[in-house]
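Enquirer: The listed protein sequences derive, respectively, from chains C and A.
Going by my numbering, the first sequence opens with residue 4, and the numbers climb by one from there.
Going by my numbering, the second sequence opens with residue 4, and the numbers climb by one from there.
These are calculated hints, taken from the structure and not from any lab test.
Careful, some of the hints might be misleading.
Unchecked claim - Under the rule of at most 30 Å between Cα atoms (straight-line distance), these lysine-lysine pairs were calculated in the DSBU-like manner:
| hint | chain 1 | residue 1 | chain 2 | residue 2 |
| --- | --- | --- | --- | --- |
| 1 | C | 311 | A | 372 |
| 2 | A | 372 | C | 314 |
| 3 | C | 311 | A | 483 |
| 4 | A | 372 | C | 271 |
| 5 | A | 138 | C | 314 |
| 6 | C | 271 | A | 400 |
| 7 | A | 311 | C | 271 |
| 8 | A | 314 | A | 138 |
| 9 | A | 442 | C | 311 |
| 10 | C | 314 | A | 414 |
| 11 | A | 442 | C | 372 |
| 12 | A | 400 | A | 372 |
| 13 | C | 442 | A | 414 |
| 14 | C | 372 | A | 400 |
| 15 | C | 271 | A | 543 |
| 16 | C | 131 | C | 311 |
| 17 | A | 348 | C | 442 |
| 18 | C | 516 | A | 314 |
| 19 | C | 311 | A | 314 |
To be verified - Using C-beta positions, here's what the derived DEER-type ranges look like:
| hint | chain 1 | residue 1 | chain 2 | residue 2 | range |
| --- | --- | --- | --- | --- | --- |
| 20 | A | 154 | C | 569 | 51 to 59 Å |
| 21 | C | 570 | A | 330 | 53 to 61 Å |
| 22 | C | 469 | A | 20 | 50 to 58 Å |
In this text, a Cβ means the ideal position worked out from N, Cα and C, and glycines have one as well.
There are 2 protein chains.
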Amino acid sequence: MAPVLLLLLIPHFPLHAEEGMWTFNNFPSAQVRKEHGFAPSAQWLDRVRLSSVRLATGCSASFVSPDGLVLTNHHCAATCIQQLSTAAKDYSADGFQASAAGDELRCPEEEVNILTSITDVTARLAAKTAALTDKAANEARKAETALIEKECSTSESVRCEVVPLYGGGVYDLYQYQRYQDVRLVFAPEKSIAFFGGDPDNFMFPRYDLDMSLLRVYDKGQPLKTPHHFTFSPSGAKEGELTFVTGHPGSTNRLDTMAMLETDRDLVKPTVLFHLSEYRGLLAQFQTRGEEQRRVSEDDLFGIENSIKAYKGEFQALLEPSLIGQKRAAERDFQNRVNARPEWKKLYGGVWASIESAQRRFRQLYVPHKYLEAGYGFRSDLYRHARRLVRMAAEYPKPNGERLEEYADARKPEMAQITTSKAPIYPELEIETLTFSLTKLREALGADDPAVRQLFGKRAPREIATDAVTGSRLGDASVRKALMEGGQAAVAASGDSMIALAKLVDPVARKLRKQWEDEVESVLVSGQEKLAKARFAVYGKSIYPDATFTLRLSYGAVKGWMENGTAVPPFTILGGTFERATGRFPYALPESWLKSQPEMNLSTPFNMATTNDIIGGNSGSPMINRDAQLVGLIFDGNIHSLGGSYGFDPKLNRAVAVDSRAILETLDKVYGARRILEELKPAGAR
Amino acid sequence: MAPVLLLLLIPHFPLHAEEGMWTFNNFPSAQVRKEHGFAPSAQWLDRVRLSSVRLATGCSASFVSPDGLVLTNHHCAATCIQQLSTAAKDYSADGFQASAAGDELRCPEEEVNILTSITDVTARLAAKTAALTDKAANEARKAETALIEKECSTSESVRCEVVPLYGGGVYDLYQYQRYQDVRLVFAPEKSIAFFGGDPDNFMFPRYDLDMSLLRVYDKGQPLKTPHHFTFSPSGAKEGELTFVTGHPGSTNRLDTMAMLETDRDLVKPTVLFHLSEYRGLLAQFQTRGEEQRRVSEDDLFGIENSIKAYKGEFQALLEPSLIGQKRAAERDFQNRVNARPEWKKLYGGVWASIESAQRRFRQLYVPHKYLEAGYGFRSDLYRHARRLVRMAAEYPKPNGERLEEYADARKPEMAQITTSKAPIYPELEIETLTFSLTKLREALGADDPAVRQLFGKRAPREIATDAVTGSRLGDASVRKALMEGGQAAVAASGDSMIALAKLVDPVARKLRKQWEDEVESVLVSGQEKLAKARFAVYGKSIYPDATFTLRLSYGAVKGWMENGTAVPPFTILGGTFERATGRFPYALPESWLKSQPEMNLSTPFNMATTNDIIGGNSGSPMINRDAQLVGLIFDGNIHSLGGSYGFDPKLNRAVAVDSRAILETLDKVYGARRILEELKPAGAR
């Protein structure tokens, strides 16, 4: 990890050059001008923001035509692609191309968000929480948040989220236009989208066409999108200034030492032990047959990707230089706070308070993770059942008193997922639920009261098999009826998975309440204070930790030195054929092998830049100073994995598909005339 | 973990009461007398030593009749039991009882060792290594060790091992009588031997009949064993003094902080990530069918047991109180060394030297683990192939220049395993080898030169399938012929697994050489110095870290306080039926359900004592002051898992099968008249 992370840990200027996931309303234009001789104007920023797209399922994207065409990664559309596939027609293996608008296929669970406004609601929330205990403040904050979001969501096509920035120093209300009719337009074969597979994931040099195209529909018609990016015909050069506009998911750069230590000693090992075992299970499940491989592929990819990312973060937390510098930075911060009596009085106790919450965190984390946060119940049917049970219980309550994900403003997401037509595979469900129940028993112990209550004399496989085979929740219409039937329907349901969810619910709710009252509330209140202290000590010209909201980062096309050897910033299409072995994950699709003679093999394929990104940025457009698309973010290099905790400009690199490779392969490999025509700038069509 | 570990970390008297895995030639009799009013005499110690048995495969045991009958755990015989089973006859599921001597079945790979003498060879080794560099000293030490062991092993029935004690402050030559004809006499069903399975492993209260009986044969006849233990008719009472004589495998109580940190930050996570994934694979492999479950059962048990143990150790290393006390103890030790100029000169630099070896350790550990230490090649066929390739290469060399496991003194073990008739299961082999090759590529990276050389364009499954299906090494006679044919035969072999082993061997040897020269040699030399410094500072009345050699621990029957609740030291047979659910791993065998009415359900079943034990002690007899058998060690409680690093008398407990439960169930459940007759004391028969 970085030898010189110190500056970012005391976040004040100068930050590292090119560090930062900036909000659009606090972009360091002066700094960019100083470094690169160019600064985005307000109009530039507005245009870029409105051309940026969030995929609610956890990715970034952008509009690339006036007719709602959306460019994102293949791995961001992979769930949709698998959900649309069948044993007979596997779009993941074979790729997909809609030859006409009518052939575009609707993704069962996708949602597109376009950021329309940001409003500061800090004062409004503060008025509701002032002078309350942490626990009471947490409840009041949630109630007021539900109210604000409800007021803002004037229709189902408006999505509103109150976002705590800087750990809660600022609360902003993000309003989005919401579209749930999102259709698959184009995807290459996964073998080239994810060429190199898990071994090459987070590696560079790289050769991946990790792209897909979706289209947003509104009232059955392609959405008109006057704001969109056009492709740069010439791509970006080494050293050229690049911007990335997207939705980094989460970082922990402002965490206190006590929080980092919990992450290192408890969270990362717990998660990695669990996921590693689950990965072994899925890999072996895939050997049952081709259909089993197909239906578990997306899940296995997600798990492997998480494992690699978490391992990188775990490594970063073990790096003495990083921890040492974090500790020094914290001490500096504390010293500055304690040096002024008024600051000391307001903020001096915050570190101890966060540390005490960590002790409770350590006690509750594992049971909470297993019983409430999903680790004990890996099953789509179970997730449906739980949602139905909770909707039935929550919707009759006043909006501000519900579990937050059941607030009125969230109903459209809940309805979409509940009625999703995505297929569910009982054979896989039984295995994953058996596994997770076994791990639940292991994690809590066979004699834990909750375990005894849930298991009785039954074995994990027995519970899982009964619950899966006795459930009709695989049928979307059954779920729809239960959702619409509400409390009475759910109470009357004899569905076996509903029964399991009902059995678990009281235990899970109790833990969630403990978690929220004794951990979350103290942490939120502590982080709010910490943010205020940071503003007081270091000023406001800093960027907040990532929150899966729109951010802009700037950087340049640039390689790095790896153990004394220079890694150049570009690969070319021709390198793919050299790396290919003909065997998974280095097997090229037939289409590429056939088209090789026609392709311009010197076309830049993947590229590395110094943009500061993280998970959630997948699918982000990379643009030049003219806001033309020059690349498509799909990964970071191995050094980027410590990016949760800090940015190292020497080594941390974003990895993108070069825009030129997209155009070249759409043309030469996929013959995608309809798409290429649509991608042309208005004047050229 | 222990709040008061400090004293043991500076190992001088007073240690904690009952702490210590003592060598028979340095037993703290005076201390035991002070604490318990009884001290073993020299004759007592000799008798106990000669009645103690080591199972070379990694367990402890004892003679319990004059005719070579050996008592050990079921889990110590589990590999043998599985190797003797077939799809048609599963002794693991059904249990085994030889109704006559002629029905006793030979274990393909078991070996019994009886300690006959201990000779100090410290001076002899020191003379060969004095004034050499660490690397040269390491080579000279290995050469002289090979010579000493060869001189000592006057026949194939004598096994000799030079054992470094106190990290090398003392080198003792352990001479054993060796017996390779070991036969299975009795085993209960695994469902009661390992009742509660992985969930209850390392837990207490407990209900396991984790016992088996073997018999040592010599020249085709039962071995005469005048030295053996007889069963106490009355067992042990709460508070009663108990001794455990057995072979604790390894502890790290004398490790420096730098070594512990490597263990915590690198070794434990690496091992646990790997094993967790492997566990998931095996668990899922078992769902392929009953036969697949059967053939992978022993492997899965071993992995799960290791995971639980390592997780406990990892937890201990993360415990701030333990690490803080270790650090304080190290500082105290350093201060005392540095306070005397002559000590400072001799030993003052040793911590820094060990720390610098840790840096190289961290670089080489993963490749060494995967390429040389087995993680990359999980396959019995591969292990056979590698041994054959290396025997062919090593045996022609002078004894002192070989890889140490191929020294002349080790040939009997090598021959036994090479010609073992234990079955090998190609279907399982393909899966485990595919997995481990995949992990090898992941751990080293697809572009690592060794990986490129080994894999070429081939995929892990392809390499594994080709190597397994093209190999005839599953046939013991083929291996015997290759072993006897030596270099020429192996060179001429077209066997696919031999070919893989040949491909790997140069890379693996290179890494091993680096490891030995740059890590091991520095650590061995450093630990020798550390041991001398410890003797100088704290005296010689201490016990060495465990080395899988015979040790005696003393303690008492005693429960403990768990979160304010008293855990009593005994369970009874009746409790088993209450805990049973009828479902794995809480399903009782038919034999128990049928015999319940006849059993005395108040018979003590499992018991907890304060004896200081660790892995390797499995199967150790627990005896009273009259050297009568009162129990059979099979586990420790959850708090014992930190025992690698220190002993906490408040919480750390050994767990044993009560001798009375053994007698009661042999009688009432298994009707084992022949065995019960043989177990009677001479006078009673």
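Enquirer: Hints first: check each against the structure and report whether it holds.
Expert: Verification of the hints:
Restraint check for residue 311 of chain C and residue 372 of chain A: the C-alpha separation of about 19 Å stays at or below 30 Å, so the hint holds. Of the supplied pair hints, the one linking residue 372 of chain A and residue 314 of chain C holds, its CA atoms being roughly 18 Å apart against a limit of 30 Å. With a CA separation close to 44 Å, the supplied pair residue 311 of chain C and residue 483 of chain A exceeds the 30 Å bound. A hinted pair counts as satisfied when its Cα atoms are at most 30 Å apart, and residue 372 of chain A with residue 271 of chain C qualifies at roughly 23 Å.
In summary, the hint linking residue 138 of chain A to residue 314 of chain C is not supported, as the alpha carbons are separated by about 34 Å, beyond the 30 Å threshold. Distance restraint check for residue 271 of chain C and residue 400 of chain A: the Cα-Cα separation of roughly 48 Å exceeds the 30 Å cut-off, and the hinted pair is therefore not satisfied. For the suggested pair residue 311 of chain A and residue 271 of chain C, the alpha carbons sit about 17 Å apart, so the restraint of at most 30 Å is met. Taken as a hint, the residue 314 of chain A and residue 138 of chain A pair is broken in the structure, with Cα atoms around 34 Å apart against an allowance of 30 Å.
Only pairs whose Cα atoms come within 30 Å are accepted, and residue 442 of chain A paired with residue 311 of chain C is accepted, the gap being roughly 13 Å. Only pairs whose Cα atoms come within 30 Å are accepted, and residue 314 of chain C paired with residue 414 of chain A is rejected, the gap being roughly 42 Å. Straight-line distance between C-alpha atoms of residue 442 of chain A and residue 372 of chain C comes to about 27 Å, which keeps the hinted pair within the 30 Å bound. The suggested pairing of residue 400 of chain A with residue 372 of chain A holds, with an alpha-carbon distance near 26 Å, which does not exceed 30 Å.
As the CA atoms of residue 442 of chain C and residue 414 of chain A are separated by approximately 43 Å, the hinted pair breaks the 30 Å bound. Between residue 372 of chain C and residue 400 of chain A, the direct Cα distance comes to roughly 57 Å. Violation of the 30 Å bound is thereby established for this hinted pair. Between residue 271 of chain C and residue 543 of chain A the alpha-carbon distance is near 42 Å, which puts this suggested pair outside the 30 Å criterion. Note on residue 131 of chain C and residue 311 of chain C: the hinted pairing is violated, with a Cα-Cα distance of about 42 Å set against a maximum of 30 Å.
Of the pairs offered as hints, the one joining residue 348 of chain A and residue 442 of chain C is violated, with about 53 Å between alpha carbons and a cut-off of 30 Å exceeded. The hinted pair formed by residue 516 of chain C and residue 314 of chain A meets the criterion: a straight-line CA distance of about 29 Å does not exceed 30 Å. Taking the CA atoms of residue 311 of chain C and residue 314 of chain A, the gap is about 21 Å. The hint holds against a cut of 30 Å. The hinted range of 51 to 59 Å is satisfied by residue 154 of chain A and residue 569 of chain C, whose Cβ atoms lie roughly 57 Å apart.
Roughly 40 Å separates the CB atoms of residue 570 of chain C and residue 330 of chain A, a value that falls outside the hinted 53 to 61 Å. Checked against the hint of 50 to 58 Å, the C-beta distance between residue 469 of chain C and residue 20 of chain A comes to roughly 52 Å, which is consistent with it.
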